[in-house]
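S.K.: Turn these sequences into a full structure, and let the hints guide you.
Single-letter residue listing:
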Amino acid sequence: MRFAGSVIKTKAAVVGRRGVASRIGVLVCALGLGIGTAPAYATSTQPAVAVVAHFQQTLITVMKKAPELGFKGRYRVLSPAVLASHNLKFIAQITMGPYWQHLSAASKAAFVAVFTQLTVATYATQFDGYSGEVFKETGAHVLAQGDVLVETTLSADGQTKAVLDYLLAPSGSQWKIINIVANGVSDLALKRAQYTEVIRNKGFPALLATLKKKVAQLSRPSKAS
Amino acid sequence: MADGAPRKRVGWVRGQVLCLVAALLLAGCATTNGAGGGVDPWEPMNRRFAVFNRTADRYVMAPVAHTYIKVMPRPLRSAFTHFFRNVAYPGVIVNDILQGRLRQSASDIGRFVVNSTVGMLGLFDIARHVGLKAHKEDMGMTLAHWGVGQGPYLVLPFVGPDTLRNTPSLLVSVVTNMMYYTGSATFTAPLAVLDVINTRANANASLRYVHENAVDAYVFTRSAYLQHRNFLIHGGHLPLKTIEEMMLPPMTAPTGPPAPAQPVPPDHHHTKAGVRPSASRSPP
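The listed protein sequences derive, respectively, from chains A and B. Residue 181 in numbering that gives the first Met the number 0 sits at position 182 of the first sequence; the count goes up by one each step and never skips. Residue 10 in numbering that gives the first Met the number 0 sits at position 11 of the second sequence; the count goes up by one each step and never skips.
In short, the hints are calculated from the structure, not lab data. Please note: incorrect hints may appear among the correct ones.
[What the hints assert, rightly or not] Each pair of labels, with its calculated beta carbon distance range:
no., chain 1, residue 1, chain 2, residue 2, range
1, A, Ala215, B, Val50, 20 to 26 Å
2, A, Ala83, B, Val70, 42 to 48 Å
3, B, Asn229, A, Pro46, 26 to 32 Å
4, A, Pro46, B, Thr198, 39 to 45 Å
5, B, Phe51, A, Thr60, 40 to 46 Å
6, B, His236, A, Ala143, 15 to 21 Å
7, B, Thr116, A, Arg75, 48 to 54 Å
8, B, Glu211, A, Pro79, 21 to 27 Å
9, B, Ser205, A, Thr60, 23 to 29 Å
10, B, Thr198, A, Gly69, 28 to 34 Å
11, A, Glu67, B, Arg84, 33 to 39 Å
12, A, Glu67, B, Phe51, 41 to 47 Å
13, A, Glu67, B, Ser183, 50 to 56 Å
[Unchecked claim] Using 27 Å as the maximum straight-line C-alpha spacing, the simulated DSSO-like pairs for lysine-lysine come out as follows:
no., chain 1, residue 1, chain 2, residue 2
14, B, Lys69, A, Lys63
15, B, Lys240, A, Lys135
16, B, Lys240, A, Lys88
17, A, Lys160, B, Lys135
Fair warning: this is a prediction, and the values are worked out from it, not measured in the lab. Just so it is clear, CB atoms sit at the ideal spot from N, CA and C, and this is done for glycine as well.
M.R.: This is how it looks when you write it as structure tokens:
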């Protein structure tokens with residue numbers, strides 16, 4: 000696993016000690032890991048904004064054609080859009096918390112595969128109709144780590160239904176979504192809290208089985224219309 | 000005597016609220032940053048109440064709500080929702096004032112007046128169309144504004160997720176609700192029942208989402224509730240720093256006995272807690 004200088008940040012540095020000492024600690028930590036590359040700080044929010052806008056436009060298209068597409072059609076259209084705009088491998092890794100590094104390569108691959116299916120299936124289930132919804136970008140910021148926050152709202156009938164904040168980080172030559180905060184609820188934190196709890200109590204195979212069951216439930220004809 | 004009864008009730012409730020606030024100030028100080036930083040020290044009890052609530056919902060509230068949705072036309076349900084929000088809206092105004100949000104309180108007073116009159120006792124949300132948008136404020140948010148700590152997470156029977164800090168809201172929301180002052184139980188009791196059913200019907204989509212997507216419904220609800228409350232406390236705009244920190248959820252080492260199927264690695268306490276793995280940082 001690679002660790003890059005711009006993302007090395009101890010929890011203490013994030014949540015508490017924000018002084019010079021912690022910053023030096025972070026620097027030492029980064030140097031100690033032999034990471035000398037310059038951080039990829041965002042210089043413009045525009046590329047990240049474009050990724051979010053394109054994905055949301057795909058969602059609107061799918062919502063408008065929802066009945067004729069059906070669940071399978073929505074899944075088929077959304078799958079490439081989600082893969083192109085989300086860094087699902089990274090998100091999957093974060094949701095596993097400290098357990099990730101102890102999984103075998105096969106387990107990691109199996110988890111990423113089912114996590115990807117679940118993510119697309121959730122989108123296909125939730126965006127199953129259109130009632131005049133409109134996405135609107137309300138702001139974009141470069142964060143301290145170089146990530147970009149894109150703030151949007153989902154409105155219908157002139158009323159804001161949800162505040163959706165997207166966090167994007169560079170992935171290869173593209174910007175990709177690594178977290179979505181909906182009305183203050185972080186998808187990443189929500190999944191991670193659950194997944195680590197299930198692993199702690201029942202083990203990784205139980206989590207994998209539960210996620211597969213969720214995918215099957217979401218794909219059932221009664222839910223998938 | 001007729002005038003005295005409501006005053007007595009208000010006096011009693013005021014006393015209870017003051018007692019609760021005093022207890023809360025102590026409890027909040029004691030528990031906010033308690034040992035281990037656990038937000039749910041009463042989890043065993045909370046889980047039992049969560050199971051009770053789910054069972055009660057499954058066998059009583061859900062069937063009633065589904066029937067209600069079937070028989071009650073959507074416009075009527077919408078009108079009831081506006082009505083119940085409007086009669087409870089003085090609670091928002093009181094908390095606006097308690098938080099020193101005077102401009103917002105003026106807007107909310109206007110909203111309440113417009114909807115109570117032109118909006119026919121709140122059945123129609125006319126205020127929205129004249130730019131008086133609705134706000135969400137309650138006693139828990141006021142206490143947070145005053146610096147009171149969140150305190151432990153709670154699941155209350157028939158109420159659902161809550162925090163110790165928010166418990167005074169249960170009383171304050173009653174005494175700031177206009178229905179409390181009608182003085183006639185024969186009038187308010189059926190309305191209160193309708194309010195509960197209507198609220199449950201409105202929560203149908205959210206509860207279905209939890210049911211369909213939660214891997215662990217209890218943890219899902221707790222995490223979502225606490226995060227959303229924090230969002231409301233910040234007026235619907237989380238500070239950038241908070242959003243940034245969400246990229247690094249607490250990396251507390253797992254506690255408790257390891258699951259048989261996945262033994263906790265012996266060095267799990269020495270994992271690079273807090274280090275975010277790379278999402279590939281090469282420049283785009």
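S.K.: Each hint should be assessed against the structure and marked as holding or not.
M.R.: So, going through the hints one by one against the coordinates:
Judged by the Cβ atoms, the range 20 to 26 Å given for A:Ala215 and B:Val50 holds: they are separated by roughly 25 Å. Remark: the range hint 42 to 48 Å for A:Ala83 to B:Val70 is upheld by a beta-carbon distance near 45 Å. Distance hint check: the CB atoms of B:Asn229 and A:Pro46 are about 30 Å apart, consistent with the given range 26 to 32 Å. For the pair A:Pro46 and B:Thr198, the beta carbons lie near 43 Å from each other, so the given range of 39 to 45 Å is met.
In this structure the hint that B:Phe51 and A:Thr60 lie 40 to 46 Å apart at CB holds, the actual value being about 44 Å. Restraint check, B:His236 to A:Ala143: a C-beta distance of roughly 18 Å satisfies the suggested window 15 to 21 Å. Checked against the hint of 48 to 54 Å, the C-beta distance between B:Thr116 and A:Arg75 comes to roughly 52 Å, which is consistent with it. For the pair B:Glu211 and A:Pro79, the supplied restraint of 21 to 27 Å holds, since their beta-carbon distance comes to about 24 Å.
A hinted range of 23 to 29 Å for the beta carbons of B:Ser205 and A:Thr60 is consistent with their spacing of about 26 Å. Taking 28 to 34 Å as the suggested C-beta distance range, the pair B:Thr198 and A:Gly69 conforms, at roughly 33 Å. Distance hint for A:Glu67 and B:Arg84: a CB-CB separation of about 36 Å, consistent with the stated range 33 to 39 Å. Remark: the range hint 41 to 47 Å for A:Glu67 to B:Phe51 is upheld by a beta-carbon distance near 43 Å.
Taking 50 to 56 Å as the suggested C-beta distance range, the pair A:Glu67 and B:Ser183 conforms, at roughly 53 Å. Annotation: proposed proximity of B:Lys69 to A:Lys63 holds, straight-line Cα distance about 26 Å (limit 27 Å). A distance of roughly 22 Å separates the Cα atoms of B:Lys240 and A:Lys135; the hinted pair therefore holds under the 27 Å criterion. Our distance criterion of 27 Å between C-alpha atoms is met by B:Lys240 and A:Lys88, whose separation comes to about 25 Å.
Our distance criterion of 27 Å between C-alpha atoms is met by A:Lys160 and B:Lys135, whose separation comes to about 14 Å.
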